[in-house]
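Peer 1: Top to bottom, those sequences are chains A and B.
Here our numbering is used: the first residue of the first sequence is 1, the next is one more, and so on.
Here our numbering is used: the first residue of the second sequence is 1001, the next is one more, and so on.
If you are wondering where the hints come from, they were derived from the structure by calculation, not from laboratory data.
As the structure is a computational prediction, the values presented were derived from the model and not from experiment.
We treat Cβ as the ideally placed atom computed from N, Cα and C, and that holds for glycine.
There's no promise every hint is true.
Computed footprint of chain B on chain A, listed as stretches where at least three residues anywhere in the stretch have a Cβ under 8 Å from a Cβ of chain B [to be verified]: (1) 44-52; (2) 61-74; (3) 77-83; (4) 90-101.
Across the chosen pairs, the derived CB separations fall in these ranges [unchecked claim]: (5) A:G16 - B:G1159: 24 to 34 Å; (6) B:A1156 - A:A28: 19 to 29 Å; (7) A:I158 - B:F1243: 35 to 45 Å; (8) B:L1152 - A:G127: 16 to 26 Å; (9) A:G153 - B:G1122: 15 to 25 Å; (10) A:G153 - B:F1243: 38 to 48 Å; (11) B:L1152 - A:S39: 22 to 32 Å; (12) B:S1251 - A:G16: 40 to 50 Å; (13) A:I158 - B:T1103: 54 to 64 Å; (14) B:L1094 - A:R102: 34 to 44 Å; (15) B:M1001 - A:S218: 48 to 58 Å; (16) B:S1231 - A:E100: 50 to 60 Å; (17) A:D66 - B:L1100: 39 to 49 Å; (18) B:A1156 - A:R99: 57 to 67 Å.
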Amino acid sequence: MTMLGFTGVGKRFADGTTALADIDFDVAPGEFVSVVGPSGCGKTSLLRIAAGLSTASEGTVRRETDRVGYVFQDPTLLPWRTVQSNVELLAELRHLSKRERRERADEAIELVGLSDFAGHRPGQLSGGMRMRVSLARSLTVDPELFLFDEPFGALDEITRQRLGDELLRLFRLRGFAGLMVTHSVTEAVYLSTRVLVLSDRPGRVIGDFAVPFGHPRSPELRFEDDFTHLAGKISACLRGGAG
Amino acid sequence: MIRRFAPPVLVLLAATGLWYAASLLLLSEEERFLMPLPHDVLAIGFGDPDNLAELLTALALSAQVAMSGLVIAFVVGVGLAVAMSQAKWVERSLYPYAVLLQTIPVLALVPLFGFWFGFGFGSRVLVCVLIALFPLIANTLFGLRSVNSAQLDLFALHGAGRWTRLWKLQFPAALPAIFTGLRISAGLSVIGAVVGDFFFKQGEPGIGILIDLYRSRLQSEQMFAAVLLASALGIAVFWFFGFLARRVVGSWHESVRDPAAVS
Ligand SMILES: Nc1ncnc2c1ncn2[C@@H]1O[C@H](COP(=O)(O)OP(=O)(O)OP(=O)(O)O)[C@@H](O)[C@H]1O
Ligand SMILES: [Mg+2]
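For reference, chain B alone in the conformation it holds in the complex (with noise of 0.2 Å):
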């Protein structure tokens, strides 16, 4: 636990500290606001209740929108991904419009989606979506094309028909796929969420309209704890599914087992 834990939390506390060291001796006075104490960010950002519960709630609404968005990108990207490994045409044509998707800048298409779907929340979780399904789709049929021909062989010599082998076979070895790409494409549904915000200036407020409005308002140690928040965020996502996943298949995956190998 201590060998686990100390490093990471050294690093933090050097990392404070040098903070603490830049700011108080490379700026003055009137500069501070560029890197402000701290202990200032916390009791400004998290202290003064206004200030807390109007960053919660563009939390939670950012949190709705990654989370929405990763929802429908599950099952979207496993649905497809399911369809691809069953008929290789279905793979064949929707395949390439599948990388597409992570070629194209999906944050630059965010006017238009506004044009079309207005700024509310569906146009938010639509980017979102966008954002997290090709992880989903490549992981899940990389995972469901895992079996080999032997495991395959085994279930046809028993009559397994194609559901069967899709349910018993082929999904529960790709599990550990499913959450790798779950796990990239919760991040990346986070990062669609607050930074899909910066584009959606009309609406309810989520953390990344905040940090933009901090910003421009100079209140620095109000955008300093959203930027903390929203980073607080995403690793909350991340640990969440390598959590879930070494409950899910830890005790027969080593790659999820092993905390250190999981990227």
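Extracted from the complex, chain A is given alone in its bound form (with noise of 0.2 Å):
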């Protein structure tokens, strides 16, 4: 079975850039897959596609589920909700009850540990406090398949590990299939369970790693062999597509 498939996708632009050629994947439900990426080679595009909110110009794409959650590289929160309202804003956007909205943010900002935090605005909340509000907004819609664009990029390095380790306690939790596009090799492999490597525009799957470590992972698992040599072999890979 799987959540999510791509056959033979391809992207092309209105205006002739194509973006995306022969993109071969699936995700299995209980996968985290990463994609790591030179700049501009489509990665975005292809979460887009992913989530329906483009169209593949080329081949064809299969989702199993429309609870699709989808974080972007800045949070995108709404600055005059509170965090309890934008946490809301997806089950409103569903029509679901005032009372079903509640218990879901209420659990997914728990969840986050921003409980102390629900009637402050996003203006009032540091950077991961923010990115924080938004993964448990797109908990909400209990994802089974999460998408996340660079969600960590904006953020320092300790910020980003500790919100690393918290996105793999959700995935643990929650069991959704991820699909994230990430820069850092590192941390691509600390949190999936496969690594795929696109080539320069147009983005094609010039390489695909299983990440054999089981769960939980801890933090130390960044500086054992198996890890630095995993990484090491995907930094190269990159490297030879990125010519």
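Dock chain one against chain two, each of which comes alone in its own frame, and use the hints as you go.
Peer 2: What follows is the structure, encoded as structure tokens:
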């Protein structure tokens, strides 16, 4: 069974830019797939196609679920809403009852550890906290497929690692299938069960690495030989593709 | 509090002092009507019950004209901006005329409105509407456009239609800009009501007609009192919308939270 399947997918924009070519891959339930690739190779385009926000110009995309979480590169919170009401937004757009919204939001806010800040506005939060709110917001749709576009790109190293660990915990707890774009090979290996490497534009899959480490993972994993070895191989593949 | 209010109060005191000096030292008794002494303005303009009643009646009329104009301009301006934001062709067909409205001297059209619609309340309001319309259209449109593409993606992803998007995303995002527009337009509307008055010699007198009347009768204390009242109306309106903006969007939008940043 697959949660998301790309077969021969290509993307060509109206202005003639070809962003993606011949993309084939599946994401199965329980998998967390990371995509690394040079800047501008079409990673965001790939996620948007996966979410149905954009259509493939070639090939087919199969998605088994409508419960899709999408965490954008910046948190895209609505500044006029409180944390609570931001997290309730998606349930609201999906016309759930007030009580249901509240319950889901409370649970999600609790999960990301922001219960004390439910009444705050995004402007009063740090960058890391805003990203947590964004995560919580997506959690309320109880996603079966969770897409992440460089979710921690704008954060400092420590916050980044902490949020990474939180994401791992959520992944184990909720059991969604994940597809994440990131610039960091270490982060990709640490968080994923599989890492895909894309070439320069137009992006093609030039590497597909299984990550053999079990869960739970601890931060020390990053310094073990197997880990650095795998990260090294992926980096080499990335450099080769980027020529 | 003191740091905020002391400087402008000092400037006011200094200006009043200069006024007295100029009036007493530079002007002879016969010339004094050019710059009447401030306490005379207060005593004659506001202290005399008949004068005061006349002034306040006129002020109320002008305020009514200005506010009616502003309300209509607000409804029409926001409505047009929403329509433009929803359909490109509406914007393409109407925006050039909105800009035109901004470039033609509306006050020069007043005699024309007089011909067409008479010199009553309706024409006076129309002047205000035309003067106040453009800033509301432009600011609202700018605000509705200020949402970023990721926010639009978020709404699209979770099945929001155009009206949900407008109501829950674009409109709240536009509020700070709409308030900026309201503030500018409110000031313009007051100007439209007062200056427009100069052209409406018939009918009940607004504050502008009174100013002109006192000028022609050389009743300079009353004239200055009327000018002060007209200015106070402008200031009150400007302050009110600043206050309203802070109440409504101040909790999340910086530009209105900091009074110094508001222009
Ligand atoms: N709407 C569009 N119209 C035309 N070209 C586009 C459009 N969106 C993206 N592109 C182009 O497609 C290519 C891939 O863009 P995309 O945003 O998917 O790259 P990316 O891998 O996410 O880049 P980054 O790592 O910088 O985020 C780029 O060359 C970009 O300029
Ligand atoms: Mg991108």
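Peer 1: If a hint holds in the structure, say so; if it does not, say that too.
Peer 2: Tested hints:
Coverage of a stretch by a chain is defined here by at least three residues with a beta carbon nearer than 8 Å to that chain's beta carbons; for the stretch 44-52 of chain A and chain B the count is 3, and the condition holds. Taking a C-beta to C-beta cut-off of 8 Å, the stretch 61-74 of chain A contributes 5 residues in contact with chain B, enough for the three needed, and the coverage statement holds. Coverage of a stretch by a chain is defined here by at least three residues with a beta carbon nearer than 8 Å to that chain's beta carbons; for the stretch 77-83 of chain A and chain B the count is 3, and the condition holds. With 4 residues having a beta carbon nearer than 8 Å to a beta carbon of chain B, the stretch 90-101 of chain A meets the requirement of three or more and the stated coverage holds.
Between G16 (chain A) and G1159 (chain B) the CB atoms are about 31 Å apart, so this pair conforms to the stated range of 24 to 34 Å. In this structure the hint that A1156 (chain B) and A28 (chain A) lie 19 to 29 Å apart at CB holds, the actual value being about 27 Å. For I158 (chain A) and F1243 (chain B), the hinted distance range of 35 to 45 Å is satisfied, since their beta carbons lie about 43 Å from each other. The hinted range of 16 to 26 Å is satisfied by L1152 (chain B) and G127 (chain A), whose Cβ atoms lie roughly 22 Å apart.
For G153 (chain A) and G1122 (chain B), the Cβ-Cβ distance of about 59 Å falls outside the hinted range of 15 to 25 Å, so the restraint is violated. At about 40 Å, the CB distance of G153 (chain A) to F1243 (chain B) agrees with the hint of 38 to 48 Å. The hinted window of 22 to 32 Å between L1152 (chain B) and S39 (chain A) holds, with their beta carbons roughly 23 Å apart. Evaluation of the 40 to 50 Å hint for S1251 (chain B) and G16 (chain A) yields a pass: the beta carbon distance comes to about 46 Å.
Taking 54 to 64 Å as the suggested C-beta distance range, the pair I158 (chain A) and T1103 (chain B) conforms, at roughly 56 Å. Roughly 43 Å separates the CB atoms of L1094 (chain B) and R102 (chain A), a value that falls within the hinted 34 to 44 Å. Range check, M1001 (chain B) to S218 (chain A): Cβ separation about 55 Å, and the 48 to 58 Å hint holds. At about 55 Å, the beta-carbon gap between S1231 (chain B) and E100 (chain A) stays in the expected band of 50 to 60 Å.
One distance hint, 39 to 49 Å for the beta-carbon pair D66 (chain A) and L1100 (chain B), holds here, with the actual separation near 48 Å. A hinted range of 57 to 67 Å is violated for the C-beta pair A1156 (chain B) and R99 (chain A), which are about 26 Å apart.
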